[in-house]
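Undergrad: Just need the whole structure built from these sequences, with the hints factored in.
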Amino acid sequence: MKTLSLFFGASLLASTAATMPAFAAQNLYKPFPADVMPELSADGAYNVGVKTIEATYPQLVPDFVKGQAERSLMLEVWYPTKEETALTQYSDETRSGITFEVQANAYRDVAIAKTETKYPVIVISHGYTGYRTLMHYLGEHLASHGYVVAAIDHTDSTNKDVNFAESPYSGFPSTLLNRAKDQVFTLNAITEHPFFKDSVDSEKAGVIGYSMGGYGAVSTVGGCYAFNDTTAATFTGTQDPAAVQLVKQALNTCAGGKESSDAVLPSWKAALALAPWGGQHQLFDVQSLNDIKVPVLYVAGDNDDISGYDGIRWLFDNTGNSHTKLLTVKNARHNVAPHPAPKEAYGSEFDLGSYIEPAWEVQKLNAINEHFALALMNCHVKQMPDFCEFLNVSGSSDQVPVGGETPAPWKGFDNRWALGLKMESKP
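Residue numbering for the sequence shown is 686 to 1112, as defined by the numbering used here.
Worth double-checking, as some hints may not be accurate.
Stated by the list, open to error - Below, simulated SDA-like cross-link-like pairs (lysine to any residue); rule was C-alpha separation at most 25 Å, straight line:
#1 Lys845 with Lys803
#2 Lys751 with Val929
#3 Lys1028 with Tyr742
#4 Lys803 with Thr770
#5 Lys1096 with Ser1079
#6 Lys767 with Phe880
#7 Lys845 with Ile1041
#8 Lys751 with Phe880
#9 Lys751 with Leu936
#10 Lys736 with Leu713
#11 Lys803 with Gln788
#12 Lys803 with Ala850
#13 Lys715 with Gln788
#14 Lys1049 with Phe880
#15 Lys1107 with Gln1084
#16 Lys803 with Lys751
#17 Lys845 with Glu724
#18 Lys767 with Val721
#19 Lys1049 with Val750
#20 Lys715 with Ser1039
#21 Lys1049 with Ser1110
#22 Lys943 with Thr919
Said to hold, decoys possible - Okay, the calculated beta carbon distance ranges per label pair:
#23 Pro1086 with Lys978: 35 to 45 Å
#24 Gly1088 with Glu1109: 43 to 53 Å
#25 Glu944 with Asn1077: 16 to 26 Å
#26 Pro1043 with Lys715: 11 to 21 Å
#27 Glu851 with Lys1028: 18 to 28 Å
#28 Ser776 with Lys1015: 26 to 36 Å
#29 Leu772 with Ser852: 34 to 44 Å
#30 Ala948 with Asn1077: 30 to 40 Å
#31 Asp846 with Leu931: 22 to 32 Å
#32 Val1087 with Ser852: 51 to 61 Å
#33 Met1069 with Asp1002: 21 to 31 Å
#34 Asp995 with Lys1096: 24 to 34 Å
#35 Asp720 with Pro1086: 30 to 40 Å
Hints are computed from structural coordinates only; laboratory data are not their basis. Heads up, the beta-carbon is just placed ideally off N, CA and C, and yes, glycines get one too.
TA: Laid out in C-alpha cells, this is it:
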C-alpha cells in the first residue's frame, strides 16, 4: 500500500496525543458581528432539530475483501423545527483517536416543523478520513433555512474506522468504491424514512462533498470514473494483473454506481464540491464531465497540496454545465471545509493538520461556505432566482482600486470584508 503515498505526498508520523484527556463539550465559534461575515451566513427563520439514524443497504454490496457484504451508514440529519429544548452535542474523535464533544446549535429528536411546501434534501459527504459532523455548521445552517440535511459517516472511511497513524490507507479502497454510492443511497434513505418521508420533496436535492466527498459528488451528478491499470493498482494496492482488471470494472461506474451517466437521479439539482479529489490524477472520463447537466460550484484553495489546485481546475474546465463555477480561496491549502479544530486537536500537528489553515481563520471559511452553499441551493434546488445573484460575482473580491476608484464589494459582502476570493464562471 506504500504506493498510496502519491495521495498525500508526505509520510505520516504516529502521535502520542491519543493518551491525552478529552476536554468537555466546547463552542467552536466566536460571536463576530454580522457586518464582517457574508450576508447569507446568517441563521434562517427555523430552529434546528437533529436526529441520528442508521441506514442499511437493502442488499449486499460489492466489497474488495469479501466480494459481497452488508453495508450500513450512520447519518446525522438536521431539519427545520419550531421547538426549543436543551441544545445537544456532537461527539467525535480526532485522527489519533482522541474523543471530543462539540456544542451544537440544534435540538435532538424534536418534531419537524410542519409546512405547506415540503423540504428539499441535501446530502453532505466528508473526506478521507473524517466523520459525519465535520461540516455540522453547514447542516445546521441549511436546516435553519428550510432544508433537511443528511451527513454521512462513510463506513471504512472515518477517523474511528481507520488507524491513521499505523495503517492510513486501510479504508481507501472502500472509499473509492463506495463514496458516490453512499451519497445516492442516503438521499433515498431519507426520502423513505418514516420520520422524514412526509416532509421532504424527493424531487429536489443537492449534494455537498469535501475532498473524497467531492470525488463522490462529481460522480453522483454524472461524472464517470476512468481508472486505468496504473491508477487502479496504485490507489487500491492491487498487484495481480487479473485482479487489477476486476478492480477497474468495479470502480469505473457513473452516477453512484451505475453503468452510464444517463442514470443520474433527476432529483439532483446542484452540487457543491469543496476541494474535490481525483482531478489531479484525471480519474474521470472527460466526455462524461462535459455532459454533466447539474450546476456545480467548485471551491478550491490555490495552494491545495492534497487534491491539487490544478486538478480541481481540470474538473472545473471540463464540467459542461453552463452554471458551473469555481471559487478560489487565495492562500488556502486543503482544509477549506472542516469546522474549527477542537481543543483536543492542539496536542499535535498530526491531529491539528486536518483542521486549520496556515493563512485563514477557519470560522471565516465556514461562513463563506454557508453563504455560497445557501446561494447555490436556493438558486438551483428551490428555484429562487434572487439568490442566483449572490453567485453571479466575478473576478477578484479584493476591491483593488482602478483609476483611483474602489470597486464595489461582492453582493452579500460588506465593504472591505471579501478579501482573498476569486470567482470564475463558464463563458
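Undergrad: Determine for every hint whether it applies to the structure shown.
TA: We went through each hint and held it up to the structure:
As the CA atoms of Lys845 and Lys803 are separated by approximately 35 Å, the hinted pair breaks the 25 Å bound. As the CA atoms of Lys751 and Val929 are separated by approximately 16 Å, the hinted pair is consistent with the 25 Å bound. As the CA atoms of Lys1028 and Tyr742 are separated by approximately 36 Å, the hinted pair breaks the 25 Å bound. Between Lys803 and Thr770, the direct Cα distance comes to roughly 24 Å. Compliance with the 25 Å bound is thereby established for this hinted pair.
Straight-line distance between C-alpha atoms of Lys1096 and Ser1079 comes to about 10 Å, which keeps the hinted pair within the 25 Å bound. Restraint check for Lys767 and Phe880: the C-alpha separation of about 16 Å stays at or below 25 Å, so the hint holds. Taken as a hint, the Lys845 and Ile1041 pair is honoured in the structure, with Cα atoms around 20 Å apart against an allowance of 25 Å. For the hint linking Lys751 to Phe880, the alpha-carbon distance of about 33 Å lies beyond 25 Å, and the restraint is violated.
Restraint check for Lys751 and Leu936: the C-alpha separation of about 16 Å stays at or below 25 Å, so the hint holds. Taken as a hint, the Lys736 and Leu713 pair is honoured in the structure, with Cα atoms around 21 Å apart against an allowance of 25 Å. A hinted pair counts as satisfied when its Cα atoms are at most 25 Å apart, and Lys803 with Gln788 does not qualify at roughly 29 Å. This hinted pair does not check out: Lys803 and Ala850 have alpha carbons roughly 45 Å apart, beyond 25 Å.
Restraint check for Lys715 and Gln788: satisfied, since their Cα atoms lie roughly 13 Å apart, inside the 25 Å limit. Our distance criterion of 25 Å between C-alpha atoms is broken by Lys1049 and Phe880, whose separation comes to about 34 Å. For the proposed pair Lys1107 and Gln1084, the alpha carbon gap of about 11 Å is at most 25 Å, so the pair holds. Between the alpha carbons of Lys803 and Lys751 the distance comes to roughly 40 Å, so the proposed pair goes past 25 Å and is violated.
Distance hint between Lys845 and Glu724 is unfulfilled; the C-alpha atoms sit about 36 Å from each other, more than 25 Å. Our distance criterion of 25 Å between C-alpha atoms is broken by Lys767 and Val721, whose separation comes to about 28 Å. Taken as a hint, the Lys1049 and Val750 pair is broken in the structure, with Cα atoms around 42 Å apart against an allowance of 25 Å. About 20 Å separates the Cα atoms of Lys715 and Ser1039, which keeps this hinted pair within 25 Å; it holds.
Restraint check for Lys1049 and Ser1110: the C-alpha separation of about 23 Å stays at or below 25 Å, so the hint holds. Distance hint between Lys943 and Thr919 is fulfilled; the C-alpha atoms sit about 23 Å from each other, no more than 25 Å. Taking 35 to 45 Å as the suggested C-beta distance range, the pair Pro1086 and Lys978 conforms, at roughly 40 Å. Separation of Gly1088 from Glu1109 is about 24 Å and departs from the stated range, judged on CB atoms against 43 to 53 Å.
Between Glu944 and Asn1077 the Cβ separation comes to about 36 Å, which falls outside the hinted range of 16 to 26 Å. For Pro1043 and Lys715, the hinted distance range of 11 to 21 Å is satisfied, since their beta carbons lie about 19 Å from each other. Between Glu851 and Lys1028 the CB atoms are about 24 Å apart, so this pair conforms to the stated range of 18 to 28 Å. Checked against the hint of 26 to 36 Å, the C-beta distance between Ser776 and Lys1015 comes to roughly 35 Å, which is consistent with it.
Separation of Leu772 from Ser852 is about 36 Å and conforms to the stated range, judged on CB atoms against 34 to 44 Å. The supplied range of 30 to 40 Å is met by Ala948 and Asn1077, whose beta-carbon atoms lie about 31 Å from each other. About 24 Å separates the C-beta atoms of Asp846 and Leu931, a value consistent with the hinted range of 22 to 32 Å. A beta carbon spacing of about 54 Å between Val1087 and Ser852 agrees with the range 51 to 61 Å that was offered as a hint.
Checked against the hint of 21 to 31 Å, the C-beta distance between Met1069 and Asp1002 comes to roughly 28 Å, which is consistent with it. At roughly 29 Å, the beta-carbon separation of Asp995 and Lys1096 lies within the given 24 to 34 Å, and the hint holds. At roughly 22 Å, the beta-carbon separation of Asp720 and Pro1086 lies outside the given 30 to 40 Å, and the hint is violated.
Comparing the model with each numbered hint stated earlier shows that hints 1, 3, 8, 11, 12, 14, 16, 17, 18, 19, 24, 25, 35 do not hold.
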